[in-house]
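Asks: These are the residues of each chain, in order.
Protein chains: 6
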Amino acid sequence: MKPTFPIRASVFRKEHFNAAHRLYNPTWSMEENDRVFGKCNNPSFHGHNYELIVQLTGEVDPDTGYVYDAKKLSDLIKENVLRRFDHKNLNLDCPEFKELNPTAEHIAFVVYSLLRPLIHERLDLKIRLYETERNFVEYPGN
Amino acid sequence: MKPTFPIRASVFRKEHFNAAHRLYNPTWSMEENDRVFGKCNNPSFHGHNYELIVQLTGEVDPDTGYVYDAKKLSDLIKENVLRRFDHKNLNLDCPEFKELNPTAEHIAFVVYSLLRPLIHERLDLKIRLYETERNFVEYPGN
Amino acid sequence: MKPTFPIRASVFRKEHFNAAHRLYNPTWSMEENDRVFGKCNNPSFHGHNYELIVQLTGEVDPDTGYVYDAKKLSDLIKENVLRRFDHKNLNLDCPEFKELNPTAEHIAFVVYSLLRPLIHERLDLKIRLYETERNFVEYPGN
Amino acid sequence: MKPTFPIRASVFRKEHFNAAHRLYNPTWSMEENDRVFGKCNNPSFHGHNYELIVQLTGEVDPDTGYVYDAKKLSDLIKENVLRRFDHKNLNLDCPEFKELNPTAEHIAFVVYSLLRPLIHERLDLKIRLYETERNFVEYPGN
Amino acid sequence: MKPTFPIRASVFRKEHFNAAHRLYNPTWSMEENDRVFGKCNNPSFHGHNYELIVQLTGEVDPDTGYVYDAKKLSDLIKENVLRRFDHKNLNLDCPEFKELNPTAEHIAFVVYSLLRPLIHERLDLKIRLYETERNFVEYPGN
Amino acid sequence: MKPTFPIRASVFRKEHFNAAHRLYNPTWSMEENDRVFGKCNNPSFHGHNYELIVQLTGEVDPDTGYVYDAKKLSDLIKENVLRRFDHKNLNLDCPEFKELNPTAEHIAFVVYSLLRPLIHERLDLKIRLYETERNFVEYPGN
Numbered sequence: 198m199k200p201t202f203p204i205r206a207s208v209f210r211k212e213h214f215n216a217a218h219r220l221y222n223p224t225w226s227m228e229e230n231d232r233v234f235g236k237c238n239n240p241s242f243h244g245h246n247y248e249l250i251v252q253l254t255g256e257v258d259p260d261t262g263y264v265y266d267a268k269k270l271s272d273l274i275k276e277n278v279l280r281r282f283d284h285k286n287l288n289l290d291c292p293e294f295k296e297l298n299p300t301a302e303h304i305a306f307v308v309y310s311l312l313r314p315l316i317h318e319r320l321d322l323k324i325r326l327y328e329t330e331r332n333f334v335e336y337p338g339n
Numbered sequence: 198m199k200p201t202f203p204i205r206a207s208v209f210r211k212e213h214f215n216a217a218h219r220l221y222n223p224t225w226s227m228e229e230n231d232r233v234f235g236k237c238n239n240p241s242f243h244g245h246n247y248e249l250i251v252q253l254t255g256e257v258d259p260d261t262g263y264v265y266d267a268k269k270l271s272d273l274i275k276e277n278v279l280r281r282f283d284h285k286n287l288n289l290d291c292p293e294f295k296e297l298n299p300t301a302e303h304i305a306f307v308v309y310s311l312l313r314p315l316i317h318e319r320l321d322l323k324i325r326l327y328e329t330e331r332n333f334v335e336y337p338g339n
Numbered sequence: 198m199k200p201t202f203p204i205r206a207s208v209f210r211k212e213h214f215n216a217a218h219r220l221y222n223p224t225w226s227m228e229e230n231d232r233v234f235g236k237c238n239n240p241s242f243h244g245h246n247y248e249l250i251v252q253l254t255g256e257v258d259p260d261t262g263y264v265y266d267a268k269k270l271s272d273l274i275k276e277n278v279l280r281r282f283d284h285k286n287l288n289l290d291c292p293e294f295k296e297l298n299p300t301a302e303h304i305a306f307v308v309y310s311l312l313r314p315l316i317h318e319r320l321d322l323k324i325r326l327y328e329t330e331r332n333f334v335e336y337p338g339n
Numbered sequence: 198m199k200p201t202f203p204i205r206a207s208v209f210r211k212e213h214f215n216a217a218h219r220l221y222n223p224t225w226s227m228e229e230n231d232r233v234f235g236k237c238n239n240p241s242f243h244g245h246n247y248e249l250i251v252q253l254t255g256e257v258d259p260d261t262g263y264v265y266d267a268k269k270l271s272d273l274i275k276e277n278v279l280r281r282f283d284h285k286n287l288n289l290d291c292p293e294f295k296e297l298n299p300t301a302e303h304i305a306f307v308v309y310s311l312l313r314p315l316i317h318e319r320l321d322l323k324i325r326l327y328e329t330e331r332n333f334v335e336y337p338g339n
Numbered sequence: 198m199k200p201t202f203p204i205r206a207s208v209f210r211k212e213h214f215n216a217a218h219r220l221y222n223p224t225w226s227m228e229e230n231d232r233v234f235g236k237c238n239n240p241s242f243h244g245h246n247y248e249l250i251v252q253l254t255g256e257v258d259p260d261t262g263y264v265y266d267a268k269k270l271s272d273l274i275k276e277n278v279l280r281r282f283d284h285k286n287l288n289l290d291c292p293e294f295k296e297l298n299p300t301a302e303h304i305a306f307v308v309y310s311l312l313r314p315l316i317h318e319r320l321d322l323k324i325r326l327y328e329t330e331r332n333f334v335e336y337p338g339n
Numbered sequence: 198m199k200p201t202f203p204i205r206a207s208v209f210r211k212e213h214f215n216a217a218h219r220l221y222n223p224t225w226s227m228e229e230n231d232r233v234f235g236k237c238n239n240p241s242f243h244g245h246n247y248e249l250i251v252q253l254t255g256e257v258d259p260d261t262g263y264v265y266d267a268k269k270l271s272d273l274i275k276e277n278v279l280r281r282f283d284h285k286n287l288n289l290d291c292p293e294f295k296e297l298n299p300t301a302e303h304i305a306f307v308v309y310s311l312l313r314p315l316i317h318e319r320l321d322l323k324i325r326l327y328e329t330e331r332n333f334v335e336y337p338g339n
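Residue numbers (the working numbering), protein chains in the order written: chain S, 198 to 339; chain H, 198 to 339; chain Y, 198 to 339; chain G, 198 to 339; chain L, 198 to 339; chain A, 198 to 339.
Honestly, the hints are just simulated from the structure, not real lab data. Don't take each hint at face value.
The list treats identical chains as one, so a pair stands whether inside a single copy or across any two.
Said to hold, decoys possible - Cut-off 30 Å, straight-line C-alpha distance, at most; resulting in silico cross-link-like pairs (DSBU-like, lysine-lysine):
| no. | residue 1 | residue 2 |
| --- | --- | --- |
| 1 | K275 | K295 |
| 2 | K199 | K236 |
| 3 | K236 | K269 |
| 4 | K199 | K295 |
| 5 | K323 | K295 |
| 6 | K275 | K199 |
| 7 | K211 | K269 |
Build the full structure now, drawing on both the sequences and the hints.
Replies: Take a look at the structure:
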């Protein structure tokens with residue numbers, strides 16, 4: 198049952214990291230930040246176990262049967278995302294969020310921006326990020 | 198790493214409710230209903246822990262970093278969906294199913310119809326509903 | 198690395214069933230039942246996806262390497278528990294709960310009572326029952 | 198709240214099977230296979246608990262409220278996929294992989310090819326396959 | 198199938214909270230703290246989604262069928278544990294950890310100590326705490 | 198809220214490995230093996246994603262707040278269990294099962310036997326092993 202044509206499929210790799218963060222807009226008053234971000238505006242920070250899913254879509258290489266080697270994808274995420282964010286304070290330790298509120302939407306955008314230049318343009322890239330089991334986001338690039 | 202353009206992303210919120218239901222078509226005979234719906238046609242009802250995922254897609258607000266505040270989305274679902282269906286008998290207690298067989302497909306359609314008028318039209322809405330861990334449906338609107 | 202002595206271990210099998218139920222005490226007033234059981238006292242019933250874990254503890258048979266064959270344990274649970282309760286209304290359809298309020302504690306007790314006579318007394322039996330992912334009980338026999 | 202138009206939705210069914218496999222390309226040297234497939238090229242095989250999700254998308258039948266009966270979908274998958282692959286060695290026991298490296302991408306392609314002729318063309322078919330909780334693929338047909 | 202004797206069972210309630218923390222021993226040098234606690238000694242803090250399971254063991258009340266009302270147990274945990282720790286920095290915001298390194302073991306001990314006086318002594322109390330899906334602890338009291 | 202006495206707690210670490218295996222008793226006929234082990238007696242092997250949970254119980258070190266460092270426990274399991282069994286054929290590649298049928302019970306016994314000498318005797322050791330999400334075993338030592 199060998200395909201006689203290029204197969205287009207997606208491969209997904211799930212990784213996780215733990216980080217502290219605080220949500221606030223420095224151009225707003227503390228009252229306005231409390232009203233909008235509630236408990237997430239705690240100045241002492243809180244934190245999450247983030248679950249990250251990276252999806253690559255493209256043609257399956259007929260020699261390997263892979264869209265992209267899952268081991269290599271895992272290493273790429275570890276080297277370029279986890280090394281930056283795992284066991285870190287996103288607001289204090291990570292220059293990527295110096296001017297960017299570390300909401301799940303923005304973290305997904307940053308992860309996309311970090312990985313996009315490292316993956317061949319013939320592959321589509323999509324990011325899913327779980328802040329908790331019940332709150333998550335998806336960023337498919339623009 | 199600040200975006201210089203509007204980011205388009207999805208935010209998801211997961212909620213759950215427990216309900217009893219029975220699947221049958223009142224215009225059919227009991228035999229026909231048994232043939233089509235099997236054990237789900239039990240006249241005494243059975244039930245499920247429904248897991249509901251509401252997805253909103255649109256532009257990230259650059260002031261907040263949110264597509265939609267997950268806390269507000271949770272409250273919206275609780276007020277408009279869970280208050281109606283949680284710990285209820287969908288067939289007996291819920292007027293939404295008086296003329297509609299409460300299959301997972303139809304429940305997803307009803308949830309969509311309840312939430313759609315409450316969410317700005319610039320946001321796309323999609324509903325995923327788990328009847329069990331192994332049976333689930335998705336309704337993206339028509 | 199062959200054991201030179203009898204090994205004592207536990208084997209667990211997870212099964213699930215879907216059922217409707219109502220919690221109430223028939224010797225109490227409706228007001229008292231509402232006060233104690235809240236939404237669970239809905240006279241039209243509500244329902245759950247119950248996850249059931251049956252644990253057997255005893256010596257590993259050196260000829261098979263099994264405490265108990267997981268396939269046989271699955272069949273035993275299906276025949277004696279799931280056939281009774283799956284897609285049923287516990288209050289209306291199940292004589293086991295005619296005089297017993299179908300709380301998770303009582304369902305676990307009934308499952309234990311149904312299985313105990315069918316399993317050799319050299320094996321200990323313990324029941325874990327999930328009513329939801331966040332509410333569950335355990336009954337190890339008395 | 199009855200729809201006055203055909204509703205288009207997706208129904209998903211999750212099944213699982215356990216299998217052994219080995220990844221390698223018979224036209225390559227052992228060294229090249231080790232370099233590309235690493236531990237997955239173990240000539241004695243290794244194995245996985247595969248989780249398979251089959252998605253059908255189409256119009257909801259207004260008489261039943263189903264896109265497709267989940268019980269029938271489960272039976273179809275068991276008869277045509279699980280009977281072939283469950284508790285098997287994909288490389289040795291399954292003719293579908295005689296000339297096809299059993300990567301997750303290729304297994305998803307084979308599952309799609311087995312099911313597509315059995316499902317009415319008015320329904321779209323998509324396959325998601327988990328090799329582990331952290332590695333998975335999706336094949337939506339070409 | 199009514200029990201003719203008191204049934205002894207356990208009821209479990211799962212709750213979650215998100216918090217930031219840092220692991221270190223103030224009587225040690227930074228080098229010693231780094232050697233022992235590694236990335237967890239980040240002075241800017243990191244964080245987790247903690248999953249907390251509270252187990253109560255005792256006799257089932259024959260009038261209610263409950264060891265303890267799961268709704269009341271949930272409220273007790275929310276009022277006495279989550280209100281203290283959710284969206285907080287355990288080191289900076291929580292007096293309970295002023296002199297206690299907030300390891301999972303110590304958090305479980307603190308949760309036990311907070312709840313024990315509020316639960317009748319005829320019920321045994323046990324705490325399970327997940328720091329991540331792969332790291333967790335249990336404290337059954339001493 | 199500092200404990201004034203030694204706290205006794207458990208720490209758990211979850212790891213996973215993928216392996217192929219076959220269940221059979223070499224002193225029996227093929228028919229007898231088929232009768233007892235069914236599909237698990239496939240001579241070409243099948244496989245699983247094994248999830249392994251190692252539990253250590255003992256006193257919390259007041260200087261660190263640890264029963265045992267989770268990172269060290271993870272490394273110990275990787276070095277002594279995963280390196281032996283991950284991506285292996287338990288029957289063909291692993292001398293531990295040369296004379297031992299690789300049932301979940303026996304694998305748990307072997308894991309216990311490998312780890313016991315490496316962990317101080319003041320700590321109790323217990324092994325839980327998931328062969329699938331629905332079949333698992335526990336071995337607490339003898």
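Asks: Have a look at K323 and K295 and pick one of within, between, both or neither, based on CA distance no larger than 30 Å.
Replies: Answer is within; shortest intra-copy Cα gap is 24 Å, inter-copy 33 Å.
Asks: Is it within, between, both, or neither for K211 and K269, if the alpha carbons may be no more than 30 Å apart?
Replies: Result: close both inside a copy and across copies, 13 Å intra and 23 Å inter.
Asks: At 30 Å max between alpha carbons, let me know whether K199 reaches K295 within a copy, between copies, both or neither.
Replies: Between copies, since 9 Å is at most 30 Å while 51 Å is not.
Asks: Up to 30 Å between alpha-carbons, please classify K236 paired with K269: within, between, both or neither.
Replies: between (38 Å within a copy, 13 Å between copies)
Asks: Between the shortest in-copy and the shortest cross-copy C-alpha distance, which are at most 30 Å for K275 and K295: within, between, both, or neither?
Replies: Classified as within: same-chain Cα gap 22 Å, cross-chain 34 Å, threshold 30 Å.
Asks: Measure nothing new, just compare the shortest in-copy and cross-copy C-alpha distances for K199 and K236 to 30 Å and report within, between, both or neither.
Replies: Intra 55 Å, inter 24 Å, cutoff 30 Å: inter-copy only.
Asks: With identical chains, the pair K275 and K199 could be close in the same copy or across copies; at 30 Å between alpha carbons, which is it: within, between, both, or neither?
Replies: between (34 Å within a copy, 23 Å between copies)
Checked against the numbered hints listed earlier, the structure breaks none of them; every hint is satisfied.
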